[in-house]
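Kindly produce the complete structure, drawing on both the sequences and the hints.
Number of protein chains: 4
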Amino acid sequence: MGMTGKEYIESLRKMNTRVYMFGEKIDNWVDHPIIRPSINCVAVTYDLACDPQYADLMTATSIFTGKTVNRFSHLHQDTEDLKKKVKMQRLCGQKTASCFQRCVGMDAFNAVFSTTYEVDEKYGTNYHERFKKYLQEVQEKDWTVDGAMTDPKGDRGKAPHAQPNPDIFLRIVERREDGIVVRGAKAHQTGSINSHEHLIMPTMAMGENDKDYAVSFACPSDAEGLFMIYGRQSCDTRKLEPNADVDLGNKQFGGQEALVVFDDVFIPNERVFLCGEHEFATMLVERFAGYHRQSYGGCKVGVGDVIIGAAALAAEYNGAQKASHIKDKLIEMTHLNETLYSCGIACSTEGYPTKAGNYQIDLLLANVCKQNVTRFPYEIVRLAEDIAGGLMVTMPSEADFKSDTVVGKNGETIGDICNHYFAGNAEKCTTEERMRILRFLENICLGASAVGYRTESMHGAGSPQAQRIMISRQGNIEGKKGLAKVIAGIEK
Amino acid sequence: MGMTGKEYIESLRKMNTRVYMFGEKIDNWVDHPIIRPSINCVAVTYDLACDPQYADLMTATSIFTGKTVNRFSHLHQDTEDLKKKVKMQRLCGQKTASCFQRCVGMDAFNAVFSTTYEVDEKYGTNYHERFKKYLQEVQEKDWTVDGAMTDPKGDRGKAPHAQPNPDIFLRIVERREDGIVVRGAKAHQTGSINSHEHLIMPTMAMGENDKDYAVSFACPSDAEGLFMIYGRQSCDTRKLEPNADVDLGNKQFGGQEALVVFDDVFIPNERVFLCGEHEFATMLVERFAGYHRQSYGGCKVGVGDVIIGAAALAAEYNGAQKASHIKDKLIEMTHLNETLYSCGIACSTEGYPTKAGNYQIDLLLANVCKQNVTRFPYEIVRLAEDIAGGLMVTMPSEADFKSDTVVGKNGETIGDICNHYFAGNAEKCTTEERMRILRFLENICLGASAVGYRTESMHGAGSPQAQRIMISRQGNIEGKKGLAKVIAGIEK
Amino acid sequence: MGMTGKEYIESLRKMNTRVYMFGEKIDNWVDHPIIRPSINCVAVTYDLACDPQYADLMTATSIFTGKTVNRFSHLHQDTEDLKKKVKMQRLCGQKTASCFQRCVGMDAFNAVFSTTYEVDEKYGTNYHERFKKYLQEVQEKDWTVDGAMTDPKGDRGKAPHAQPNPDIFLRIVERREDGIVVRGAKAHQTGSINSHEHLIMPTMAMGENDKDYAVSFACPSDAEGLFMIYGRQSCDTRKLEPNADVDLGNKQFGGQEALVVFDDVFIPNERVFLCGEHEFATMLVERFAGYHRQSYGGCKVGVGDVIIGAAALAAEYNGAQKASHIKDKLIEMTHLNETLYSCGIACSTEGYPTKAGNYQIDLLLANVCKQNVTRFPYEIVRLAEDIAGGLMVTMPSEADFKSDTVVGKNGETIGDICNHYFAGNAEKCTTEERMRILRFLENICLGASAVGYRTESMHGAGSPQAQRIMISRQGNIEGKKGLAKVIAGIEK
Amino acid sequence: MGMTGKEYIESLRKMNTRVYMFGEKIDNWVDHPIIRPSINCVAVTYDLACDPQYADLMTATSIFTGKTVNRFSHLHQDTEDLKKKVKMQRLCGQKTASCFQRCVGMDAFNAVFSTTYEVDEKYGTNYHERFKKYLQEVQEKDWTVDGAMTDPKGDRGKAPHAQPNPDIFLRIVERREDGIVVRGAKAHQTGSINSHEHLIMPTMAMGENDKDYAVSFACPSDAEGLFMIYGRQSCDTRKLEPNADVDLGNKQFGGQEALVVFDDVFIPNERVFLCGEHEFATMLVERFAGYHRQSYGGCKVGVGDVIIGAAALAAEYNGAQKASHIKDKLIEMTHLNETLYSCGIACSTEGYPTKAGNYQIDLLLANVCKQNVTRFPYEIVRLAEDIAGGLMVTMPSEADFKSDTVVGKNGETIGDICNHYFAGNAEKCTTEERMRILRFLENICLGASAVGYRTESMHGAGSPQAQRIMISRQGNIEGKKGLAKVIAGIEK
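Chains as they are written, first to last, in my numbering: chain A, 5 to 496; chain B, 5 to 496; chain C, 5 to 496; chain D, 5 to 496.
Treat the hints loosely; a few may be bogus.
No distinction is drawn between identical chains; accordingly, a pair holds when it is met within one copy or between any pair of copies.
[As the list claims (entries may be wrong)] Computed cross-link-like contacts, DSS-like style, restricted to lysine-lysine with a CA-CA straight-line distance of at most 27 angstroms:
id: 1; residue 1: 406; residue 2: 489
id: 2; residue 1: 326; residue 2: 157
id: 3; residue 1: 126; residue 2: 137
id: 4; residue 1: 136; residue 2: 359
id: 5; residue 1: 243; residue 2: 29
id: 6; residue 1: 243; residue 2: 255
id: 7; residue 1: 157; residue 2: 413
id: 8; residue 1: 71; residue 2: 496
id: 9; residue 1: 406; residue 2: 243
id: 10; residue 1: 489; residue 2: 157
id: 11; residue 1: 136; residue 2: 71
id: 12; residue 1: 496; residue 2: 406
No lab work stands behind these hints: they were computed from the structure. Since the structure is predicted, the reported quantities are computational estimates derived from the model, not experimental observations.
Below, the structure written as structure tokens:
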């Protein structure tokens with residue numbers, strides 16, 4: 005089958021990806037301490053797929069070749085596939101306690117696959133065949149692909165073609181015999197740097213005049229003219245501290261966001277999947293967003309599992325695990341987390357086949373799922389902070405706990421003092437273990453991982469209001485009025 | 005196939021069921037205005053099953069005979085059956101805006117079926133075969149059966165055998181060659197009077213000394229020694245008013261609760277399904293409660309659909325339908341309602357086969373489902389009251405709107421005055437239609453139907469704390485701690 | 005000082021007030037079982053004022069005469085008076101567990117007093133002096149006055165003068181030398197029938213063309229041309245049942261709402277307080293609404309106190325009072341209730357003098373107060389229903405508990421059976437006491453008193469959106485932006 | 005009057021305070037970039053007191069000397085003083101958007117003042133006179149004093165004397181003629197390093213055997229044997245970045261927490277205010293905690309004001325300010341913030357005099373206040389994150405925006421690209437201004453200031469459960485039961 009995590013990391017080294025951070029070019033970005041945790045996350049999606057015990061969730065059978073492929077590049081063949089997707093994401097969330105970034109590609113594959121079929125049906129184009137070839141290559145090479153949708157957008161009240169800055173939505177600047185040249189950027193790109201490829205889609209409904217903006221295509225991350233500027237996160241530089249370990253909370257894993265810039269990038273025809281058929285932008289957006297709103301009912305639930313476990317440990321280490329209010333808060337966290345999972349599962353099992361044959365999720369329930377994700381993780385985090393206690397944010401640094409500097413009258417070092425006063429429930433933990441759990445919670449509540457668990461839960465796959473609009477459209481209010489009229493005796 | 009609604013109602017007339025209300029025996033209880041709406045609800049479960057457009061949801065194939073039977077007496081054969089159960093319940097909720105009562109029997113059938121199998125396996129008893137014969141008869145005669153669990157309970161801190169009042173839990177008072185004699189009562193019995201049969205189960209975990217209380221059996225509603233005392237509901241006597249229509253809000257449908265008393269009732273052996281095997285009481289309770297907590301993710305969602313429709317109509321009739329806050333509240337109601345549905349669907353699709361072969365729901369998710377049902381309907385109702393406006397509770401009676409009594413200087417009647425001042429958005433509704441929708445909302449928010457939509461959502465299938473205990477047990481907190489230890493670097 | 009409760013009731017008998025209910029004229033409305041509980045509530049405001057232990061809260065010194073008067077007809081002289089108002093309301097709520105109705109008059113007095121002063125200042129009219137004379141008479145005669153604001157409103161999108169039905173807002177139909185003739189109605193009038201007088205105010209901002217609608221005046225409840233149609237409430241007719249007691253939940257007290265119709269009523273000049281000065285309608289509305297939104301931080305808190313007590317008793321009678329989740333729910337109810345009280349107190353202590361000299365509450369905080377009242381009582385009621393248990397809505401009637409009809413094999417009556425199975429914690433209560441508490445909770449959660457505790461909390465003194473608009477206007481968002489600009493380094 | 009902010013900072017330089025951070029001693033801690041923002045916050049409490057426009061809130065008249073002193077060292081003389089305290093805190097919160105740390109001293113002064121009075125009354129000690137002398141010196145020298153209560157606590161189930169580690173609660177290790185020697189530590193000490201003095205109090209109820217732990221005293225921050233270990237915060241080292249400005253979000257202000265260690269510190273008798281009178285520990289804790297729970301109804305409200313302003317600006321800069329859902333979210337934030345303020349004001353105006361003559365807040369309402377503070381700031385922050393949009397956490401660094409490194413085909417630098425793509429609503433802001441507001445929100449939501457606005461709101465002045473216990477004790481549940489019994493007809 006596909007690559008191991010290690011092979012994946014090596015494959016990244018071979019690419020000429022251009023990455024900028026803190027105003028400078030980062031040469032060895034693969035080993036950069038700020039970037040590496042996000043690479044490790046994606047590596048997990050490879051390693052788990054190589055592990056037989058997770059084969060059912062992590063792999064699938066290619067519809068092109070019949071070979072076993074990573075589920076992240078699979079086209080959903082039925083509602084079981086949709087459910088397994090959610091379960092795979094929960095698993096990856098549990099193993100990383102982070103955003104593992106690879107699902108945007110999977111969601112883009114399934115959306116582009118079904119949409120190109122319908123574009124071709126209408127226009128006689130051959131996008132669908134092109135895309136199938138591309139996806140077969142993705143599966144064979146076991147690539148990670150960034151599914152990229154969000155443009156910088158500029159003035160929210162204006163259409164793409166009417167923006168003062170014409171580049172503020174990504175667009176075709178030249179149409180050539182052999183392909184197109186594109187310019188613009190995709191913002192908030194999760195997992196863009198550590199992807200082999202980018203699969204670009206338009207970001208919203210478009211009109212007749214926006215034809216140049218109605219474009220979908222794929223290109224490698226190191227395509228000529230493409231570069232990325234890394235977004236900074238809470239506590240990012242803590243990862244640069246010498247021997248950083250405990251203070252990181254989650255040493256190995258993390259997320260990543262970047263601005264991906266297309267500075268006149270040439271895209272050959274065989275990688276172009278939409279090129280001016282503006283009325284299909286909406287379909288592509290709704291399908292991708294639908295899949296991606298489903299995703300949050302898996303990945304964030306997995307992270308939630310780790311948070312609940314950490315909160316339970318914190319209570320134990322603090323010696324408070326038997327208090328009824330602590331138990332009740334853990335139940336509430338579990339309840340909220342499983343409600344999210346229920347929504348992820350429900351929109352999957354209620355999926356339906358597209359014309360192209362792959363399966364789409366239930367759009368109403370997927371939006372309901374994501375809407376809950378914009379709320380419950382915040383409450384889960386609040387409860388975790390409650391259980392953790394104030395020490396989570398007042399604890400001295402790892403360097404203090406390990407310091408040999410003498411401060412006490414009897415020769416005690418800073419380390420001695422810290423260990424003397426911050427020891428927890430000795431039957432359950434060492435002081436360092438207590439620190440580790442509290443730092444993990446700090447990281448997820450207000451450190452680097454809060455970006456993934458909180459803000460991404462809020463805005464990823466569309467901000468809350470976007471889901472409300474979809475719920476309004478999909479909620480069949482007229483049908484419900486009809487039910488009420490009959491019961492109330494207004495209609496028969 | 006089975007009976008029509010009309011045939012069902014006629015079949016009730018043939019029974020000698022003993023019903024008491026307001027301190028007296030009710031002879032023609034089938035046509036009693038307070039009781040009839042609950043009978044009409046059950047009748048809907050017959051009529052819909054006869055309607056070809058609902059055949060897929062409302063009917064199933066008997067595993068005993070291969071014939072088509074009402075799904076309410078079906079044993080779930082796979083997760084599709086479990087999902088269809090939820091959808092059938094949503095449909096019935098949409099058609100009645102009430103508790104339609106028949107699902108307690110269905111949930112009891114499935115729980116008793118699988119539990120008796122395991123009792124027999126351990127003890128070599130033949131409860132399972134007995135039960136299969138019984139259920140086959142239920143299917144053939146298309147009976148409605150009250151699945152009865154809740155005893156009056158008395159002192160919550162004492163086991164059944166230790167209660168000062170030995171009858172406070174239903175028990176075996178005599179064991180005979182040909183059967184047993186039971187005494188006691190089942191309280192809060194929804195849909196007991198209009199059932200043909202009662203299927204009794206123990207209400208909680210039991211110990212060695214509670215053997216006489218560990219009993220499950222079936223008997224007809226008019227068994228000798230069995231009688232019922234009707235529980236009174238908010239606004240019950242409004243149904244007795246002459247020509248009551250508009251003021252009822254929901255003229256045709258409603259719920260029903262009663263105390264079912266077993267005054268030394270003889271149960272022949274072939275209808276006894278548990279008789280002293282106390283350690284199986286827990287299994288029976290958990291399985292029945294699990295199914296029933298799933299149910300609420302269907303039935304209350306259907307009622308919710310009608311409420312949302314009614315609130316949307318109320319806004320329209322008030323002329324407020326375009327206000328952004330009104331739209332937003334309707335979205336929120338839809339969001340909450342569909343979250344409940346997602347939980348109902350999720351615990352179904354994650355079901356698994358029992359040893360006996362029928363399917364059980366996912367216990368964790370079913371408890372999460374019900375826990376949400378103890379919250380969201382209250383918020384849905386609050387939002388409906390917000391949208392409806394104060395007129396919902398200050399409006400004069402139907403009799404006023406129709407009164408010919410002259411009150412005005414120019415000869416206006418009370419009816420004229422009411423219609424003059426309470427006219428709504430004339431383009432959308434007549435004044436009576438506006439009244440009808442507001443009375444429907446009154447009925448569901450604080451009238452007779454509030455019993456079913458609010459209090460039953462709270463306490464039916466177990467009070468909130470019961471679900472929290474199950475969530476705690478099923479939440480695998482130790483596994484979650486393990487995940488956190490690995491991420492935090494405490495364990496490998 | 006003023007009347008006793010009994011004298012108040014007798015004073016009502018002397019009036020020729022015209023009341024219609026269920027399509028007919030009610031002659032002896034004072035003793036009508038549906039109406040009487042609301043009269044009893046107002047009577048409490050008289051009796052408490054006669055009780056020396058409550059003198060500080062219930063009485064005040066007239067600014068006109070220096071005599072002691074009922075605080076309900078007092079003009080607030082400082083922030084202490086404003087706080088005492090809230091405390092008086094909490095007290096009355098505790099004693100009645102109902103809306104005691106008399107505060108609309110008090111709020112109207114204070115709003116009309118200060119507004120007429122400013123109208124006179126601008127126009128040289130003499131409304132203020134007229135009003136002072138009127139209020140002095142109110143104080144002397146110790147009248148209860150209905151402060152009436154809400155018109156039926158018709159099409160929400162149109163101004164009064166532009167409505168198809170010109171009467172849908174109350175208006176001046178004739179201007180005479182000695183006074184005016186008014187036509188129209190005031191809807192949702194709490195405590196209108198049992199008031200001696202009505203003090204009418206316009207219901208919203210008005211423009212140049214709405215001059216005929218910009219009218220404020222007072223008249224007796226039995227003025228020629230004035231009549232009222234009683235609004236029906238949940239469970240209203242339960243009060244008509246013979247010997248009704250336990251089933252009422254709150255036998256003695258209740259609320260009342262009516263449509264008050266002005267069928268060409270003549271108002272002499274000395275009772276006219278606004279007559280066409282349309283630009284002052286807004287001031288009058290905001291001031292009255294402000295006071296009335298403050299009120300809810302007292303009255304509903306008092307009712308909440310009784311609900312919390314009842315829930316605690318229900319737990320005790322059920323034998324569940326030691327469960328940690330029960331204790332926690334009682335704490336939560338207390339917390340929510342005291343938060344409402346805090347808002348009531350805060351908007352009072354932050355009050356300020358008007359030009360006329362009486363005190364106005366802080367408008368922002370009063371709106372915040374009422375906004376919370378549209379939420380927390382619903383959660384308090386939800387928690388009360390949780391604690392009460394399902395018996396609250398499944399319990400047989402009082403008639404059953406007292407019935408001599410024999411039903412059991414050993415001659416047990418219905419009453420025997422009910423008492424046998426519904427006995428609670430015998431050390432704490434009789435069965436009847438348990439019933440009483442559960443019926444009280446039924447009454448407040450979904451019976452007649454739910455109208456006052458829930459729907460009135462939602463819509464009384466303006467629906468939730470009305471408060472949000474005021475919060476937006478009063479929130480000084482520009483000032484807050486300025487603070488943020490300085491901190492963020494955008495401005496110095 | 006007192007010092008200016010600048011003088012205060014200079015006064016700190018003169019002290020020999022021992023501070024450790026990252027395992028090392030910090031010599032010039034006054035100018036250390038991580039520590040300095042917290043010093044600047046305290047400096048604001050001096051500068052505002054020197055500004056005549058804030059004199060009414062920021063200053064008061066000494067009861068000892070009649071001179072004008074900073075309100076932070078004032079003894080509350082009436083409820084007006086208590087309200088002004090809350091308003092002063094709101095003001096300081098608005099000016100710093102941080103925890104300004106000085107209120108713990110004020111709260112300790114008032115608690116120790118009244119408690120020592122009652123200790124002396126019982127035991128004939130002279131703690132009260134000692135304390136008055138001390139406080140007079142505090143006022144004259146305009147010192148900032150850390151009121152210190154929380155011990156590390158160790159095993160939560162054991163009393164101080166029964167702990168395995170005897171130092172885990174601070175205690176008297178030696179009693180001498182001229183004073184006492186103390187050992188132990190106070191944890192989570194907000195504003196400890198930048199205080200001139202520490203005023204120590206016991207942390208919980210104590211028994212007969214805990215006499216050595218029942219100790220209250222004052223000492224200078226640089227007392228011999230006293231040292232502090234700085235707690236690390238989210239994003240702390242961002243402050244060390246060269247030229248850090250925009251990325252800090254709040255460049256000038258911040259909070260501070262430390263472990264304060266007493267390594268056998270000698271305290272002369274005149275600074276000892278409790279020494280073994282263990283039964284007064286509870287009074288001291290409840291009074292201090294009561295004041296401090298009141299405080300949060302001021303300080304966090306001020307910070308909330310800045311967050312609301314920043315969210316409104318972010319919406320404007322994003323071009324989304326007219327969307328109805330944005331407006332509604334700003335209203336909700338305002339509503340929640342003012343509810344907190346209402347609680348702060350209400351517990352103040354309902355205060356009462358102690359035996360010693362200063363004023364104590366209403367204990368029930370102060371606990372209700374703090375309980376709301378453990379909830380609403382989290383929701384305010386969630387709504388701010390919603391309004392801000394994802395860019396808040398995906399935006400490149402300040403260094404990128406200012407970088408001259410060329411990356412584009414046409415010579416565009418990283419700075420050019422960032423400014424090209426991240427420009428906001430050009431009519432309202434520059435790109436840098438947009439960054440500044442988003443970074444401010446990042447800082448308060450998940451950066452350094454989240455420690456103060458979120459976690460401190462949760463655990464400062466006692467964790468949520470501590471307030472619930474107090475609400476339970478203060479809620480007079482028996483009185484409420486009595487009210488319900490009367491209404492329900494159980495008692496007369």
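We went through each hint and held it up to the structure:
no., hint, result
1, 406 with 489, "between (72 angstroms within a copy, 21 angstroms between copies)"
2, 326 with 157, "between (51 angstroms within a copy, 17 angstroms between copies)"
3, 126 with 137, "within (21 angstroms within a copy, 59 angstroms between copies)"
4, 136 with 359, "within (15 angstroms within a copy, 44 angstroms between copies)"
5, 243 with 29, "both (18 angstroms within a copy, 23 angstroms between copies)"
6, 243 with 255, "both (8 angstroms within a copy, 22 angstroms between copies)"
7, 157 with 413, "between (62 angstroms within a copy, 22 angstroms between copies)"
8, 71 with 496, "neither (57 angstroms within a copy, 33 angstroms between copies)"
9, 406 with 243, "both (18 angstroms within a copy, 23 angstroms between copies)"
10, 489 with 157, "between (43 angstroms within a copy, 24 angstroms between copies)"
11, 136 with 71, "within (15 angstroms within a copy, 46 angstroms between copies)"
12, 496 with 406, "between (78 angstroms within a copy, 22 angstroms between copies)"
The structure does not agree with numbered hint 8 stated previously, though it agrees with all others.
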